[in-house]
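> The primary structure of each chain is shown beneath.
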Amino acid sequence: MHPPEDGKKHRSRRNFLGQALTAAGTAIAAPSLLQQTTAAQAEKPAITPKPGEMSVTLNINGKQQALAIEPRVTLLDALRERLGLTGSKKGCDHGQCGACTVLVDGQRVYSCLALAVMQEGRQIVTVEGLAKGDILHPVQTAFIENDGFQCGYCTPGQICASVALLDEVKRGCVSAITPDLSTPPQLATLSEAEIKERLSGNLCRCSAYNGIVAAVQQATGQAPPSPAAAMLVREPEEIPV
Amino acid sequence: MKNFAYVRASSVKEAVQQGSNPGALFIAGGTNLVDRMKVFLDEPAQLIDITRLEMTQIEQTGAGLRIGALVSNTAVADHPDVRRNYPMLSRAILLGASQQIRNVATVGGNLLQRTRCPYYYDNAFACNKRVPGSGCAALTGINRIHALFGASDQCIAVHPSDMCVPLAALDAIVEVEGPQGKRQIPFTEFHRLPGDTPQRDSNLEPGELITAVVLPPASFAKSSVYLKLRDRASYAFALVSVAAAVEMAGNQIKTARLAMGGMAHKPWRFVEAETFLSGKSATAETFQQAAKIALQGAKPLAHNSFKVELAQRAIRRALAVSAKGGGVA
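Taken in sequence, the protein lines are chains Z and B. Throughout the first sequence, residue numbering follows the working numbering, covering 1 to 241 in sequence. Throughout the second sequence, residue numbering follows the working numbering, covering 1 to 329 in sequence.
The reader is advised that the hints may include incorrect statements.
Over the 12 Å line for every Cβ pair with chain B, so calculated as not near, a few chain Z residues [what the hints assert, rightly or not]:
id: 1; residue: G95
id: 2; residue: Q107
id: 3; residue: I135
id: 4; residue: T141
Covered stretches of chain B (in silico footprint by chain Z; criterion: 3 or more residues with CB under 8 Å from a CB of chain Z, positions within the stretch not fixed) [claimed, not checked]:
id: 5; stretch: 28-35
id: 6; stretch: 47-56
id: 7; stretch: 85-93
id: 8; stretch: 96-102
id: 9; stretch: 299-309
Source of the hints: derived by calculation from the structure; they are not laboratory data. C-beta atoms are modelled at their ideal positions from N, C-alpha and C, and glycine is treated no differently.
Construct the complete structure from the given sequences, taking the supplied hints into account.
Encoded structure:
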């Protein structure tokens, strides 16, 4: 990874988690610091592309970012290696684990399978862009309050996926286990099974799943969320044939 | 990933012209292509980004529901007409991959995704699909997920798509445009059996671009199901999957459609079983016989004979649920 070019102190994940656990609910400065960093980078003139590179401008967390990159650079690598936005994590790098999940035009995608040059003109939001200044996104607060992480590596992807999940339910999207396709579930009655199915594109190797499900339940406005959402095994209904 | 030249096509005509360049490939969602490029299975000299083309509409036409090739999987599955009239297509899409992939994966790209045979993905092994003439490590390897029908002694891989299974059952039409102009391909003739050229998955000609998939009107499709069986509850490819549709007239089967995934190098239609079902009573006995007819030509390999029984049970269940009006199978 390139060192921060502006010399400003970057917040580490450990630092973030430490503060989050000791001062849950209080203001967290990370987003504003990162915004200063990205604003400083955006003021720099675009770098002249080297042979094999292309000039692209990406809209990330509301800021235009000029880059000179090879077409083969994924959105994930552009975010992490070029822009210092290390919230999105590289897990499997093959679209299987979800740690790299970001929002593109409001929809969740795996940034490891997206080519950065293809994202021009699209609105990209990473975990760093979810908080409004010092105010955390309700899903971020819910993850802290329900301990939706252990090692925390999958957390940025889980949070981005959960933010998208809430929006999808609001828009009336169905899932593979929605019993009746003409009756999409509502946030207030979204079941554990629906939450689990809809978050199945994100893996957590610590198995913090129960806290994650509880966090999503809280974010849907369901109260109170189950203290530790129960492990649910779906037994298929017996169908006489 | 090897570097490549990147161009963004601004019209179908321009895309088709560029598509004939040596080493050129189209890219839309890229969820399978980028993944393959990362492990050097594909090393295109040029990628033609088609995502800005006007192929993003779902519209009712005289021929049926026309779905533009760039419509995302999510948009198809959530479309009111698809939910209402072709529920097995909605379910099949929603049972495939994850929301993050379905949001960017396109209808056209779904048809062109390649097998997940592990020997194809691992270049330490021989694979005629990856390197024609190099052999097939799956033949004598762990062939648990491989084909029961239509395989050759050069390739026993199966087609991985969920979406394509109901499209085969629905007699969908694939619209393509290429250097020789436009043409329509019946869905069941779009994909190929491996034969001596397993490196070719489809009957697309070089430079041809999928522009749309058309679903003909089908009253039987309203009571349809998609049943997918896999090693875990979510986000995995099917061991076997069934797209079934049964239209009833009283307690008598008027029309039936039956196609399966995980069976062959292409979505596999069971026409003989469909014919048998027509006019029969919807009973457990009827469904059992249909399942037996469907699987009678199966050629199991060393590790996948379990699929023969699994497939028959899946067919029986899918037909039973479909005859009762459909829903979650």
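> A cut-off of 12 Å on Cβ-Cβ distance, and Z:I135 was said to be off the interface with chain B. Does that hold?
About 26 Å separates Z:I135 from the closest Cβ of chain B, which puts it past 12 Å; holds.
> Confirm or reject the coverage of the stretch 96-102 of chain B by chain Z under the rule of 3 or more residues with a beta carbon closer than 8 Å to the chain's beta carbons.
holds (count 5)
> Quick check: do three or more residues in the stretch 28-35 of chain B have a beta carbon closer than 8 Å to a beta carbon of chain Z?
holds (count 4)
> Measuring Cβ to Cβ, find out whether Z:T141 lies farther than 12 Å from everything in chain B.
23 Å, holds
> Within the assertion that chain Z covers the stretch 85-93 of chain B, do at least three residues meet a Cβ-to-Cβ distance smaller than 8 Å?
holds (count 3)
> Three residues minimum, CB to CB under 8 Å: does the stretch 47-56 of chain B make the cut for coverage by chain Z? Let me know.
holds (count 3)
> Cut-off 8 Å, C-beta pairs, minimum 3 residues; does the coverage of the stretch 299-309 of chain B by chain Z stand?
n = 0 at 8 Å, threshold three: violated.
> Far enough from chain B: is every CB of that chain over 12 Å from the CB of Z:Q107?
About 4 Å separates Z:Q107 from the closest Cβ of chain B, which leaves it inside 12 Å; violated.
> A cut-off of 12 Å on Cβ-Cβ distance, and Z:G95 was said to be off the interface with chain B. Does that hold?
With a cut-off of 12 Å, Z:G95 comes too close to chain B, as the shortest Cβ separation is near 6 Å.
When each numbered hint is compared with the structure, violations occur for hints 1, 2, 9.
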